[in-house]
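**Student:** Each chain, letter by letter, is given below.
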Amino acid sequence: MKMKVGFYLGCLIPTEQYAYEMSLREVLPRLGVELVEMEDASCCGAPLRSINLLLTLYLSARNLALCEEKGIDVFAPCPNCHLALCEAKRTLDSDQKVRERLNSMLKEEGLKYSSSARVYHTLDLLHDKIGIEEIKKHITHPIKELKIAAHYGCHLIRPADVGRPDDSENPQKFEHILRAIGANTEDYTEKLNCCGAPIMITHPESALTKTAQKLKAVQEHAFNALATLCPWGHRMFDTKQSNASQTIGETLNMPVLYLTQLLGLAMGIEPSKLGLELNLSPIEQLKVMGGGE
Amino acid sequence: MCNMSIVDLTSMAQPQKELREKISTMLGSMQEDMPNYCYQCGKCTSGCEAFILLELEPHKVMGLAKSGFIEELVNSDIIWTCLTCFKCKERCPQGLAPVHVLFVLKNLAVAAGKQIHTGYSNMLQSVLGCGLIQQPRDVVTRKSEVKNRESLQLPECPKPKDISKFQQVLMKAATETIG
Numbered sequence: 001m002k003m004k005v006g007f008y009l010g011c012l013i014p015t016e017q018y019a020y021e022m023s024l025r026e027v028l029p030r031l032g033v034e035l036v037e038m039e040d041a042s043c044c045g046a047p048l049r050s051i052n053l054l055l056t057l058y059l060s061a062r063n064l065a066l067c068e069e070k071g072i073d074v075f076a077p078c079p080n081c082h083l084a085l086c087e088a089k090r091t092l093d094s095d096q097k098v099r100e101r102l103n104s105m106l107k108e109e110g111l112k113y114s115s116s117a118r119v120y121h122t123l124d125l126l127h128d129k130i131g132i133e134e135i136k137k138h139i140t141h142p143i144k145e146l147k148i149a150a151h152y153g154c155h156l157i158r159p160a161d162v163g164r165p166d167d168s169e170n171p172q173k174f175e176h177i178l179r180a181i182g183a184n185t186e187d188y189t190e191k192l193n194c195c196g197a198p199i200m201i202t203h204p205e206s207a208l209t210k211t212a213q214k215l216k217a218v219q220e221h222a223f224n225a226l227a228t229l230c231p232w233g234h235r236m237f238d239t240k241q242s243n244a245s246q247t248i249g250e251t252l253n254m255p256v257l258y259l260t261q262l263l264g265l266a267m268g269i270e271p272s273k274l275g276l277e278l279n280l281s282p283i284e285q286l287k288v289m290g291g292g293e
Numbered sequence: 001m002c003n004m005s006i007v008d009l010t011s012m013a014q015p016q017k018e019l020r021e022k023i024s025t026m027l028g029s030m031q032e033d034m035p036n037y038c039y040q041c042g043k044c045t046s047g048c049e050a051f052i053l054l055e056l057e058p059h060k061v062m063g064l065a066k067s068g069f070i071e072e073l074v075n076s077d078i079i080w081t082c083l084t085c086f087k088c089k090e091r092c093p094q095g096l097a098p099v100h101v102l103f104v105l106k107n108l109a110v111a112a113g114k115q116i117h118t119g120y121s122n123m124l125q126s127v128l129g130c131g132l133i134q135q136p137r138d139v140v141t142r143k144s145e146v147k148n149r150e151s152l153q154l155p156e157c158p159k160p161k162d163i164s165k166f167q168q169v170l171m172k173a174a175t176e177t178i179g
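Sequences listed follow chains A and B, in order. Taking the working numbering, I'd label the letters of the first sequence as residues 1 to 293. Taking the working numbering, I'd label the letters of the second sequence as residues 1 to 179.
Hints in this document: simulated from the structure, not taken from any laboratory. Heads up, some of the hints might be wrong.
[As the list claims (entries may be wrong)] To give a feel for the contact side, a few chain A residues facing chain B, derived at Cβ under 10 Å:
1) Leu59
2) Glu108
3) Gly110
4) Gly275
[Stated by the list, open to error] Derived DSBU-like pairs (lysine-lysine); straight-line CA-CA distance at most 30 Å:
5) Lys159/B / Lys2/A
6) Lys97/A / Lys22/B
7) Lys17/B / Lys60/B
8) Lys66/B / Lys143/B
9) Lys4/A / Lys159/B
10) Lys137/A / Lys216/A
11) Lys2/A / Lys136/A
12) Lys112/A / Lys159/B
13) Lys97/A / Lys161/B
14) Lys107/A / Lys161/B
15) Lys216/A / Lys114/B
16) Lys4/A / Lys147/A
17) Lys70/A / Lys172/B
18) Lys172/B / Lys159/B
19) Lys161/B / Lys143/B
20) Lys22/B / Lys273/A
21) Lys114/B / Lys165/B
22) Lys161/B / Lys4/A
The C-beta atom is built at its ideal place from N, Cα and C for all residues, glycine as well.
Could you put the whole structure together from the sequences, leaning on the hints where they help?
**Tutor:** This is the structure:
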């Protein structure tokens with residue numbers, strides 16, 4: 001399979017979640033996906049929904065139009081961006097009045113929305129476009145003897161009516177990929193729970209409590225690690241794990257990795273190229289990292 | 001946090017028809033319906049991620065919006081507790097979207113000049129200035145080494161080419177509402 005997509009990073013990935021970007025840049029080209037830089041990109045507007053939904057719609061339409069200009073589809077590895085872009089696409093495609101209004105705004109920047117670009121996330125790119133069989137062909141160092149929990153991220157699976165990469169109540173594609181790279185996985189009661197990130201601004205203590213509760217549950221279900229596909233969720237579970245543990249007064253000790261980092265390891269890519277030194281959770285305890293577990 | 005209750009405030013109030021209309025139009029632009037057909041089953045609240053920790057009860061928000069008590073909602077801090085997980089929209093038997101009603105209410109609070117959390121104004125300022133909600137940051141490794149895009153050999157961070165044009169359009173959009 002060969003395809004070319006606009007690498008739309010959003011805000012969090014290019015400004016601090018570098019490990020996700022690094023692992024995507026290593027893994028996807030080896031699987032036949034050419035990543036085209038989007039130098040002119042901006043925020044998708046999703047973090048500003050509460051402030052002004054028109055701003056969100058404009059910013060999403062703008063980034064869609066930038067990709068359309070290049071004649072390529074959009075690859076948005078952040079579920080929050082992916083949802084905002086898909087929502088904008090649906091609104092502009094079904095409401096002529098809104099589309100005209102947005103296009104007159106886009107004109108000021110010399111852009112036009114024409115509905116030609118499709119929007120992909122890491123999950124559907126890996127599972128539906130590249131495919132499990134193709135992924136398996138590239139696995140040289142299977143991640144064996146590890147039971148890994150999946151965290152999809154709310155916006156990756158809901159709301160279904162906008163068209164999401166997986167089922168809203170029983171998503172399984174993430175697990176299929178984990179099994180393809182050799183790992184064990186299973187469903188757990190808290191799988192669909194939120195990471196807390198969206199209220200980090202207004203209610204940080206409650207946000208971190210949500211994070212800690214989910215991590216504690218993953219720990220109690222005896223998973224060896226938690227895998228993520230969302231920069232916001234990863235920031236909470238990995239980057240802020242020690243802050244989160246303070247909110248529930250318990251020790252959390254859960255290795256957290258991007259699925260693309262695990263995939264990269266299974267493909268035999270050097271850990272430093274996958275940004276593995278940037279994970280702040282205790283990933284060195286995992287056997288794949290040279291640890292004992 | 002003050003003003004977290006939305007129940008007590010409604011006892012003396014009259015419904016606000018114009019604001020109710022405004023909300024309906026804004027929801028329409030988002031392809032969502034006014035909660036006219038909400039029958040208070042509470043399914044949204046039973047799955048709400050903000051219910052246990054922050055006492056957000058989406059079905060009550062829907063009930064008040066349906067009845068036209070918009071000012072009470074706009075003035076309440078409870079609307080800022082939503083985690084935007086979209087479970088309420090996904091599970092509503094009537095196809096309604098409490099999460100979008102909450103977005104619209106927050107938009108109205110901002111448009112009415114209510115004080116918003118500095119975190120939000122900082123993000124907006126940053127988007128206006130560099131296109132993203134924050135500038136690229138230095139990060140620390142597990143071994144406490146400082147890294148940035150350059151030292152990690154990542155290409156330059158994206159930014160709108162003509163930032164002043166970009167700002168102009170955004171500033172104008174920020175003074176309008178979706179519906």
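**Student:** Now look at each hint and say whether the structure bears it out.
**Tutor:** Against the structure, the hints:
{"no.": "1", "hint": "Leu59", "result": "8 Å, holds"}
{"no.": "2", "hint": "Glu108", "result": "5 Å, holds"}
{"no.": "3", "hint": "Gly110", "result": "8 Å, holds"}
{"no.": "4", "hint": "Gly275", "result": "7 Å, holds"}
{"no.": "5", "hint": "Lys159/B / Lys2/A", "result": "28 Å, holds"}
{"no.": "6", "hint": "Lys97/A / Lys22/B", "result": "17 Å, holds"}
{"no.": "7", "hint": "Lys17/B / Lys60/B", "result": "18 Å, holds"}
{"no.": "8", "hint": "Lys66/B / Lys143/B", "result": "55 Å, violated"}
{"no.": "9", "hint": "Lys4/A / Lys159/B", "result": "21 Å, holds"}
{"no.": "10", "hint": "Lys137/A / Lys216/A", "result": "35 Å, violated"}
{"no.": "11", "hint": "Lys2/A / Lys136/A", "result": "17 Å, holds"}
{"no.": "12", "hint": "Lys112/A / Lys159/B", "result": "19 Å, holds"}
{"no.": "13", "hint": "Lys97/A / Lys161/B", "result": "28 Å, holds"}
{"no.": "14", "hint": "Lys107/A / Lys161/B", "result": "15 Å, holds"}
{"no.": "15", "hint": "Lys216/A / Lys114/B", "result": "37 Å, violated"}
{"no.": "16", "hint": "Lys4/A / Lys147/A", "result": "33 Å, violated"}
{"no.": "17", "hint": "Lys70/A / Lys172/B", "result": "27 Å, holds"}
{"no.": "18", "hint": "Lys172/B / Lys159/B", "result": "20 Å, holds"}
{"no.": "19", "hint": "Lys161/B / Lys143/B", "result": "37 Å, violated"}
{"no.": "20", "hint": "Lys22/B / Lys273/A", "result": "51 Å, violated"}
{"no.": "21", "hint": "Lys114/B / Lys165/B", "result": "28 Å, holds"}
{"no.": "22", "hint": "Lys161/B / Lys4/A", "result": "23 Å, holds"}
In this structure, the hints that do not hold are numbers 8, 10, 15, 16, 19, 20, in rising order.
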